[in-house]
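K.L.:
The listed protein sequences correspond, in order, to chains A and B.
My numbering numbers the first residue of the first sequence as 207 and each following residue consecutively.
My numbering numbers the first residue of the second sequence as 29 and each following residue consecutively.
Treat the hints with care, as some may be off.
Claimed, not checked - For lysine-lysine, the following DSSO-like pairs were computed, each having C-alpha atoms within a straight-line distance of at most 30 Å:
no., chain 1, residue 1, chain 2, residue 2
1, B, Lys-157, A, Lys-217
2, B, Lys-134, A, Lys-217
3, B, Lys-114, B, Lys-72
4, A, Lys-369, B, Lys-99
5, B, Lys-114, A, Lys-221
6, A, Lys-452, B, Lys-114
7, B, Lys-178, A, Lys-452
8, A, Lys-222, B, Lys-114
9, A, Lys-217, B, Lys-199
10, B, Lys-153, B, Lys-199
11, B, Lys-178, A, Lys-369
12, A, Lys-452, B, Lys-134
13, A, Lys-369, B, Lys-176
Just so you know, the hints here were simulated from the structure itself, not pulled from any lab data.
Listed below, chain by chain, are the residues.
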Amino acid sequence: MNVLRILALVKMELKKIIREPAYLFLMILFPAALTLVFGLAFGTLDTGIPGVNQFDMMTPGLFAYACIFIIMIVAQSFTDDREQGLLKRISLTPTTSSEFMSSHIISNTILSIVQVVIVTVCSVLIGFRPEGSIFGFLIAFMFMIILSICSVGFGLICSTIAKSSGTATALSFIFILPQMFFGTFIPLTETTRVIAYFLPSYYATESLSMILIEGISLTDLSIWINLGILSILSILIILLGILIFKRYGNKNF
Amino acid sequence: MEMNIKTNNKSVSLDNTNQAIVIRNLVKNFGDIIAVNQLNLEIKNGELFSLLGPNGAGKTTTINILSGLIKPTEGSVFVGGYDIRKELNPIKNLIGVCPQEAAIYKFLTGKENLELFGYLHGMTKEDIKNRSEYLLNTLDFLEASKRKVKGYSGGMLRKLNMLMALIHDPKIAFLDEPTVGMDPRARRKVWEFIKSLKTQNKTIILTTHYMEEAEALSDRVGIIDYGELIANGTPEELIKKFEVKNLEEVFLKITGRRIVEGI
Chain A
207 MNVLRILALV KMELKKIIRE PAYLFLMILF PAALTLVFGL AFGTLDTGIP GVNQFDMMTP
267 GLFAYACIFI IMIVAQSFTD DREQGLLKRI SLTPTTSSEF MSSHIISNTI LSIVQVVIVT
327 VCSVLIGFRP EGSIFGFLIA FMFMIILSIC SVGFGLICST IAKSSGTATA LSFIFILPQM
387 FFGTFIPLTE TTRVIAYFLP SYYATESLSM ILIEGISLTD LSIWINLGIL SILSILIILL
447 GILIFKRYGN KNF
Chain B
29 MEMNIKTNNK SVSLDNTNQA IVIRNLVKNF GDIIAVNQLN LEIKNGELFS LLGPNGAGKT
89 TTINILSGLI KPTEGSVFVG GYDIRKELNP IKNLIGVCPQ EAAIYKFLTG KENLELFGYL
149 HGMTKEDIKN RSEYLLNTLD FLEASKRKVK GYSGGMLRKL NMLMALIHDP KIAFLDEPTV
209 GMDPRARRKV WEFIKSLKTQ NKTIILTTHY MEEAEALSDR VGIIDYGELI ANGTPEELIK
269 KFEVKNLEEV FLKITGRRIV EGI
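Let the hints inform the model, and build the full structure from the sequences given.
P.N.:
What follows is the structure, given as structure tokens:
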């Protein structure tokens, strides 16, 4: 592993986001707008629990949603780079695929952290007051980072299947929408919860709710079980993403 | 002079030290299409070899095989003495590839692109700085390199595309149509630069559709058609052999014959 190489790739990926207005919009304005709209729409709705309104209940889902959104960015970015022959060009250098993939995981984790910070700031401005200790926050953060690694995997799968960046975007919604409907800010029924068990974002949202809303003690086993399940799912998905991308995703001739 | 080398099943000895590239009986099929057919070729260290041929003749496929991007169907290929099938990693350190389509990050500046690929080739910050300064100065590209690639003209893209392939000072450079779309002045500048690479004992494999370019630069040219090497020699030798005035006439005389003959 050559650290300079990984850093150079991370820097490039971040510049891609900062310098492309479309990406920047998706990255910053979209989560901010979503949080504000949800805050204004649901901030006054009562949940029956004293001191907790509907928006508070939804905030963990918004955090998870910000991490899921990485799927679209990764799918587009890989497909773009492939279309322009850049992946081929990188494969001509001694860069190993583990260095290349690490750089993507690092840069996208940074992106999701930025998004989570934006959602946090916006929701706190609207009146969300999270429970929990600093340690609780760190664990919550860990959930979000693992979920975004999982999203990088989904993004890789999308860009492998898609032939152009347009189809990559469309395909990414196949992975975004179910996770959004059944695993983020939309309340679950008995039936939808069964579907949710198969979605990584469900475990993140559930645990974030437990930590940030219910202020559950971190000694509670369910948080750690969720963390375990999410980690296993994420590792499987990112490995699957890397494998099929390596096998089929870099061929354009 | 070697002409029309046909199947030559000699086993490759490891005494390839003076040969930058050794290709033996190379075949590449894409489904039913034979892109490269029984290609045999040797390129010496420090030689500038031009690979010429009509569109779709198999030039880029050959370069893609030599640079390890695609696997040969049959035959053996050695680059810098390393077997392309088994020892791709050391080869990657030896070669620089300038692809036909400019592959450049548009949102970065020219300089940032050079730096990125310097790091990808495992260079240090100091080396990258010195090398890119040298390259940018030599090709009058220093000012342009500070701007984002998005605003570059076609010719500027080609120049940067080539510089990115040479940032790590490779011993063997593959330049796939490096001067397409350049104005005559820029092209001359690139020619001078390519000649200067020759004085540094670099091996260069050039493909081009500009015959005057091949004539001006090459030590030796190979003409490839339907994936087969149909001529191989110095420009002077070929002109003499086919009794014509220049390389362009050689090209016109011997390529596309199958179309004419209806084969």
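K.L.:
Determine for every hint whether it applies to the structure shown.
P.N.:
Going through the hints against the structure:
1. For the given pair, Lys-157(B) sits about 17 Å from Lys-217(A) by alpha-carbon distance, which is consistent with the 30 Å threshold.
2. The straight-line distance between the Cα atoms of Lys-134(B) and Lys-217(A) is roughly 14 Å, inside the 30 Å bound, and the hint therefore holds.
3. A threshold of 30 Å between alpha carbons decides the hint, and for Lys-114(B) with Lys-72(B) the separation of about 21 Å falls inside it, so the pair holds.
4. For the hint pairing Lys-369(A) with Lys-99(B), the CA-to-CA distance comes to about 22 Å; that is within 30 Å, so the pair holds.
5. Restraint check: the Cα-Cα separation between Lys-114(B) and Lys-221(A) comes to about 36 Å, which exceeds 30 Å; the hinted pair is violated.
6. Between the alpha carbons of Lys-452(A) and Lys-114(B) the distance comes to roughly 18 Å, so the proposed pair stays at or under 30 Å and holds.
7. Distance check on the hinted pair: Lys-178(B) and Lys-452(A) sit about 29 Å apart at the alpha-carbon level, within 30 Å; holds.
8. Taken as a hint, the Lys-222(A) and Lys-114(B) pair is broken in the structure, with Cα atoms around 35 Å apart against an allowance of 30 Å.
9. Straight-line distance between C-alpha atoms of Lys-217(A) and Lys-199(B) comes to about 28 Å, which keeps the hinted pair within the 30 Å bound.
10. Restraint check for Lys-153(B) and Lys-199(B): the C-alpha separation of about 20 Å stays at or below 30 Å, so the hint holds.
11. A distance of roughly 23 Å separates the Cα atoms of Lys-178(B) and Lys-369(A); the hinted pair therefore holds under the 30 Å criterion.
12. As the CA atoms of Lys-452(A) and Lys-134(B) are separated by approximately 24 Å, the hinted pair is consistent with the 30 Å bound.
13. Taken as a hint, the Lys-369(A) and Lys-176(B) pair is honoured in the structure, with Cα atoms around 27 Å apart against an allowance of 30 Å.
Of the numbered hints given earlier, the model fails hints 5 and 8; all others are met.
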